[in-house]
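First to last, the protein sequences are chains A and B.
Per my numbering, residue 443 is the first one in the first sequence, and the count goes up by one each step.
Per my numbering, residue 160 is the first one in the second sequence, and the count goes up by one each step.
Hints should not be assumed to be uniformly reliable.
Capping the alpha-carbon separation at 25 Å, the derived lysine to any residue pairs in SDA-like fashion look like this [to be verified]:
| no. | chain 1 | residue 1 | chain 2 | residue 2 |
| --- | --- | --- | --- | --- |
| 1 | B | K161 | A | D714 |
| 2 | B | K161 | A | T712 |
| 3 | A | K870 | A | I629 |
| 4 | B | K161 | B | P171 |
| 5 | B | K161 | A | S711 |
| 6 | A | K574 | A | T628 |
| 7 | A | K574 | A | A666 |
| 8 | A | K571 | A | I629 |
| 9 | B | K161 | B | R216 |
| 10 | A | K574 | A | A599 |
| 11 | B | K161 | A | D757 |
| 12 | A | K868 | A | R850 |
| 13 | A | K574 | A | L627 |
| 14 | B | K161 | A | R709 |
| 15 | B | K185 | B | D170 |
These are computed hints drawn from the structure, not numbers from a lab.
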Amino acid sequence: MSDQVLIKGARLYGEGDPVDVLVADGVITRIGEGDVAEDAVVLEAAGKVLLPGFVDLHTHLREPGREDTETIASGSAAAALGGYTAVFAMANTDPVADNSVVVDHVWRRGREVGLVDVHPVGAVTVGLKGEKLAELGTMAKSAAGVRIFSDDGACVADPLLMRRALEYSTALDVVIAQHAEEPRLTIGAQAHEGARSARLGYPGWPASAEESIVARDCLLAEYAKARLHVCHVSTAGTADILRWAKARGTRVSAEVTPHHLLLTDERLSTYDPVNKVNPPLRTEADTEVLRQALAEGVIDCVATDHAPHAPQDKDCEWTAARPGMLGLQTALSIVTETMVRTGLLDWRGVARIMSERPAEIAGLPDHGRPLIEGEPANLALVDPDAEWTVRGRELASIAANTPYEGMRLPGVVSATLLRGRITSRKGKIE
Amino acid sequence: MKHLLATDGLDPAFATAVLDTADELKHTLLGREVRKLPTLRGRTVVTLFYENSTRTRVSFEIAGKWMSADVINVSASSSSVNKGESLRDTALTLSAAGADCVIVRHPASGAAQRLSGWLAETGTVVINAGDGTHEHPTQALLDAATLRERLGSIEGRRVAIVGDVLHSRVARSNIHLLAALGAEVVLVAPPTLLPAGVEGLPVTVSHELDAELPALDAIMMLRVQAERMTGGFFPSAREYSISYGLSEARQKLLPEHAVVLHPGPMLRGMEIASAVADSPASAITEQVRNGVHVRMAVLYHLLAGEGES
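Construct the entire structure; sequences and hints are all you get.
See the structure below:
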């Protein structure tokens with residue numbers, strides 16, 4: 443029995459004429475016509491776009507600790523259905539992934555499930571408390587081989603500790619990913635501080651609380667010659683700072699979430715916490731600037747900040763609700779809506795922001811690779827013209843907190859291949 | 160289903176109808192020994208308060224009782240959000256137990272609106288008695304009733320709201336209601352106590368109280384909460400009082416007809432001088448009296464409906 447998969451008649455990066463792509467032994471063995479094993483699995487790909495499998499630098503898989511909302515298995519399924527072949531699981535689990543035992547557990551569970559490469563993100567500080575460096579070296583050298591460290595959910599606010607983390611990281615060749623939020627400026631904050639929060643009485647989360655940390659961290663990273671990654675950029679001002687820092691040669695990269703590209707604080711008027719997220723939804727003007735910055739490469743990539751939450755943590759009053767929203771299965775559609783349909787990016791550009799750049803930032807050697815013969819067959823096959831209606835209960839995540847409930851969105855993932863194996867096909871896990 | 164959740168977007172005709180009814184009720188009950196109307200006999204009204212309150216809860220309770228409704232008071236602790244019953248379950252429980260109306264006060268902005276969503280299928284009416292830093296619509300209605308009584312009309316009048324606008328649901332409700340009824344509103348506060356984005360509200364902003372006083376028809380002083388004094392919003396109580404307090408000297412800059420309002424509880428000597436609070440210009444006790452009639456009127460319009468009496 444062969445393990446061949448024939449992707450028949452796809453357009454690579456949505457460019458040129460349709461071609462057949464033959465996959466075997468985990469790699470792309472041929473692009474073009476030729477012999478195919480009789481038992482090869484055929485993916486009919488007429489009208490579809492073949493891209494390198496997506497890489498998500500920012501997910502919350504909730505295992506260990508909140509398996510009632512997501513597990514590595516359910517989150518992996520969501521990832522595979524969303525076109526992802528690699529995801530990075532944030533450290534804010536219970537217990538926190540601040541040691542090699544937890545990161546290795548996450549790594550091994552991901553391998554066992556086998557639907558997507560699950561890479562644990564290690565905590566920067568012990569218990570995410572922002573007081574003392576976690577054992578970055580031990581985690582980096584563990585089986586999981588941690589390459590990204592973040593206290594996401596909390597900011598490494600102490601400038602001295604952040605400096606030390608950046609300095610220390612240079613010996614390990616790892617990235618410090620910062621959740622940029624000056625905690626003193628966001629005490630009790632609930633929503634973007636502006637005209638809408640003023641009217642609706644939400645305690646405000648000012649843009650400057652993000653921007654001041656990003657500016658500070660860029661300076662610290664430049665000084666330490668370290669690599670900084672800015673999580674979930676949400677404001678126009680942050681985009682300006684990134685542009686400035688990159689022009690100076692600072693080794694900084696940045697991600698934006700799908701929801702910060704599409705949704706705005708106009709959603710606040712319902713007080714429905716399905717729209718509560720940290721950093722908060724900003725203004726229309728911010729979404730415009732973020733889209734532009736992503737198109738220009740000032741923001742490197744899209745990351746979901748996929749954050750499952752139980753119904754009781756969302757179906758409550760706003761302040762009691764937990765921040766975060768599902769994202770893995772809707773990311774491609776939101777990118778299609780905000781970046782492709784607007785003409786800001788072609789599919790080559792989508793490959794860059796969803797796969798190539800995040801793989802480079804994370805240092806993954808076998809993801810985000812060119813679609814050429816001999817390369818690893820980590821692939822996403824996308825139907826760019828199809829549309830679908832989002833239903834939270836139908837998503838693979840255990841939790842159902844999608845802000846896109848009932849919305850009709852363009853862009854459907856037809857199939858995902860991880861090392862030549864089909865992990866999802868026509869919206870079903872294989 | 161009609162609720163009273165906010166004055167932002169409230170139909171001015173409804174607001175005026177409530178004020179007219181409150182006026183009628185006041186005159187009907189004036190001088191009566193037994194101040195009880197049978198209008199809401201057999202209806203059950205629950206006050207559900209997640210924050211301490213004396214004046215608002217008592218005012219609603221008296222309003223309900225004078226309308227012959229059965230009034231039940233529930234005090235809940237919001238500090239045990241993770242341990243205790245959720246707001247949603249509490250609301251559904253009260254509704255299932257027979258509440259025709261839930262009057263809710265809660266520290267979260269939007270809590271009353273969320274409640275109205277959860278109770279949409281049940282027919283239970285929700286009245287917002289203060290949600291976080293969002294709104295307190297019956298306070299604005301009683302303030303409007305008081306202003307109308309004192310000034311004869313609200314349209315074209317100039318009203319200053321002075322103090323901690325940032326954290327004040329009273330201010331937000333007054334801003335929208337006064338604007339809807341045709342008044343000009345000027346906010347006077349230090350920049351630290353104004354919300355970012357204030358320019359989106361139908362107001363003008365000033366930091367000079369003395370400059371505003373001569374043109375005012377009414378001045379509404381907001382309470383300065385103790386935690387603001389220690390929270391670095393302004394340098395000291397003394398400086399605040401000097402800049403934004405309504406002293407006797409400052410009161411002299413007001414036109415003779417101008418009304419002084421305060422939603423209470425007052426900090427005498429801080430935002431308002433004792434002599435000003437007790438002066439003929441002050442309508443502070445009338446506000447409390449009108450509060451009962453306005454809340455009776457709100458209950459009437461939401462629970463009794465048109466055509467019934």
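To see whether the hints hold, each was checked on the structure:
1. B:K161 with A:D714: With Cα atoms ~20 Å apart, B:K161 and A:D714 stay inside 25 Å; holds.
2. B:K161 with A:T712: Since the Cα atoms of B:K161 and A:T712 sit roughly 17 Å apart, the hinted pair holds (cutoff 25 Å).
3. A:K870 with A:I629: Violated: A:K870 and A:I629 sit about 43 Å apart, past 25 Å.
4. B:K161 with B:P171: Holds, because 15 Å separates the two Cα atoms, which is no more than 25 Å.
5. B:K161 with A:S711: Distance ~18 Å between B:K161 and A:S711 Cα, so the pair holds.
6. A:K574 with A:T628: Holds, at roughly 22 Å.
7. A:K574 with A:A666: At roughly 19 Å apart (the allowed maximum being 25 Å), A:A666 and A:K574 satisfy the hint.
8. A:K571 with A:I629: Holds: A:K571 and A:I629 sit about 16 Å apart, inside 25 Å.
9. B:K161 with B:R216: With Cα atoms ~21 Å apart, B:K161 and B:R216 stay inside 25 Å; holds.
10. A:K574 with A:A599: Since the Cα atoms of A:K574 and A:A599 sit roughly 12 Å apart, the hinted pair holds (cutoff 25 Å).
11. B:K161 with A:D757: Given that 25 Å is the threshold and the Cα spacing comes to 22 Å, the pair holds.
12. A:K868 with A:R850: Holds: A:K868 and A:R850 sit about 17 Å apart, inside 25 Å.
13. A:K574 with A:L627: holds, 22 Å
14. B:K161 with A:R709: holds, 23 Å
15. B:K185 with B:D170: holds, 23 Å
In this structure, the one hint that does not hold is number 3.
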